[in-house]
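Listed here are the chains, written in short residue letters.
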Amino acid sequence: MSTVILLLVTGLGLGALYFLVASGLSLIYGLMHVLNFAHGVFLTIGAFLGWEVGRRVSDGTWGGLLLSMLVGVVVGAIVAALTEYLLIRRLYERHIEQVLVTVGLALAGVALMEGIWGTDPIYTAKPAWLTETTEILGARIPNDRFLLIGIAVLVLLGIVLFLRGTRYGLIIRAGVENRHMVTALGIDVRRSFTLVFAIGGAAAGLGGVLASVYYGYVSAHLGSSLLIFAFIVTVIGGLGSLAGAAIASVLVAVLQQFANFYLGGTGDLAVVLALAAVLLIRPSGLMGKAAA
Amino acid sequence: MSEPILAVSGLHARIAGQQVVEDVSFTVPSSGVTALLGRNGVGKTSTIKAVLGLIDRTGDVRLAGDRVDRLPTHRIVQRGVGYVPEDREVFAGLTVAENLRLAERDAEPRRELVERLFPDLVQRKAQRAGTLSGGQQQMVSLARALLNDNRVLLVDEPTKGLAPKIVGEVAEALEAVADTVPILLVEQNLHVVRQLATDVVVLSGGRVVHTGGAAEFLDDDDLVHRLLGVHGDHAESDASEGAPAPEASATTDTTTEEGRA
Ligand SMILES: Nc1ncnc2c1ncn2[C@@H]1O[C@H](COP(=O)(O)OP(=O)(O)OP(=O)(O)O)[C@@H](O)[C@H]1O
Ligand SMILES: [Mg+2]
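Just so you know, the protein sequences line up as chains X and P, in that order. Residue 76 in the working numbering sits at position 76 of the first sequence; the count goes up by one each step and never skips. Residue 1166 in the working numbering sits at position 166 of the second sequence; the count goes up by one each step and never skips.
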């Protein structure tokens, strides 16, 4: 029983990380039909700069961590918005070029960060409470899981409130459905493209800082490994669906944890099989548009 | 009255490498309804999309004398062009109210007008547009264009696929607004064309093959048959006092005629 609880909560924590990456990927694809392979860079640069600032001000304290998260959010948003504005904007509807540019940016970004921070993981300090555990029904749960889950829930709520309660949110929801019709109503949909990149980048940058808490280190490859699972999550959830991304993040991460523990470390294989099953049975994903 | 609200000249457009609009020129007068007619697939929808810049195009498009063909779609629309697309294109996942709110550009959108024309929509504000009937979706689509004080409306087959009673309602709504704003109307139902149109522009194979007054055109049975592949509506409508008879509405005859694609 305690093992099940531990796996479940750990799965939720990991799912929280997936969601922070997948939410942006899914919105970006939904609105702009861009598969953003550079999304992992937003995460990694957020993690590195968040760590750099946080440790200088107050290493291993809540204040330092909070500052790191803030820096991660801001850096992720800025880098993502610049990426859209300087590179992607010229390439809408040109899918091959988009893939080439975002993949190129991902490779260059990793190389650049390796150049600055080296190829080895850098171990990070965190507030003492996060290194401790809390007992739930006999399971000793590392406290960092709760932080991850709580923040991902807040981010989900924040994005939902934004999408439902603001005019930009309305434009984005409409644009995910039918971008051309939005422009035909006299709306400059491109402005919301930049905004969606910024929001996705902010979530990813925050995810980067939280990933460094979860794994206990920062590395230039933090983003690339999470990005693969985030893409799988996005496809399983349905490209363009935020709710789908949230549900699939949890399903994928929990499945991964259970398969790793009970089926001899086959978590990644189980995820790929789940992806294949969804693609065969429901190609548009759990919550995706039928024709997308 | 003198200057046309919309003047198109030498308009070319291609979709997926295929030329769908070829050297199209016509004008829309600053009042009344100009019907854009032609058989299925001649390029009516493409012409409207080209005017709006929704598809790649070249040529000269002027709105009240100002060139707009270099502007992106949203800027053309902001200058006062209302668009009611073929197949409605409401946002299925948004509510009726959200669909309308999204369309509001003016500081004081004309909500009362829309509520008066389409009282049905008021009750269905909170309903998702995707769950509306075809007729109700068409009301939403028309309402989106009527909310703003536009200088011209581009309306693409507003009665397509609707029951005769709803066709009448849509035509009435258009007739009511035609007093205040000029309309370029694509319409297959020749009863509706006769009811609304002052002028006609007829396309064939992506080119303009006829322009002129609406009544003269519709009265010329041979011309209507040659250009649209259907018989004119006047015989039937005279007999039935203008009530739209479904069998008399324009359904393209594909077997006869010089089929141009
Ligand atoms: N997305 C597309 N891809 C390829 N060809 C297209 C596309 N859209 C339109 N066409 C072609 O362009 C031509 C003109 O189409 P268009 O929709 O403008 O005709 P239309 O006059 O509006 O027809 P209808 O009366 O059926 O609405 C047609 O031959 C059509 O097959
Ligand atoms: Mg058409």
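One or more hints might be untrue.
Claimed, not checked - Non-contacting residues of chain X with respect to chain P, defined by C-beta distances greater than 12 Å in every case (computed):
(1) T3
(2) T61
(3) H95
(4) A106
(5) Y123
(6) F146
(7) A174
(8) T183
(9) Y217
As the list claims (entries may be wrong) - Examples of chain P residues lying across from chain X (beta carbon under 10 Å, computed):
(10) V1090
(11) A1103
(12) A1145
Since the hints were made in silico from the structure, they are not lab data. Treat the numbers as computed from the prediction; the structure is a model and nothing was measured. The C-beta atom is built at its ideal place from N, Cα and C for all residues, glycine as well.
Results for each hint:
no.: 1; hint: T3; in the structure: holds, 41 Å
no.: 2; hint: T61; in the structure: holds, 44 Å
no.: 3; hint: H95; in the structure: holds, 15 Å
no.: 4; hint: A106; in the structure: holds, 30 Å
no.: 5; hint: Y123; in the structure: holds, 46 Å
no.: 6; hint: F146; in the structure: holds, 34 Å
no.: 7; hint: A174; in the structure: violated, 5 Å
no.: 8; hint: T183; in the structure: violated, 4 Å
no.: 9; hint: Y217; in the structure: holds, 41 Å
no.: 10; hint: V1090; in the structure: holds, 8 Å
no.: 11; hint: A1103; in the structure: holds, 5 Å
no.: 12; hint: A1145; in the structure: holds, 9 Å
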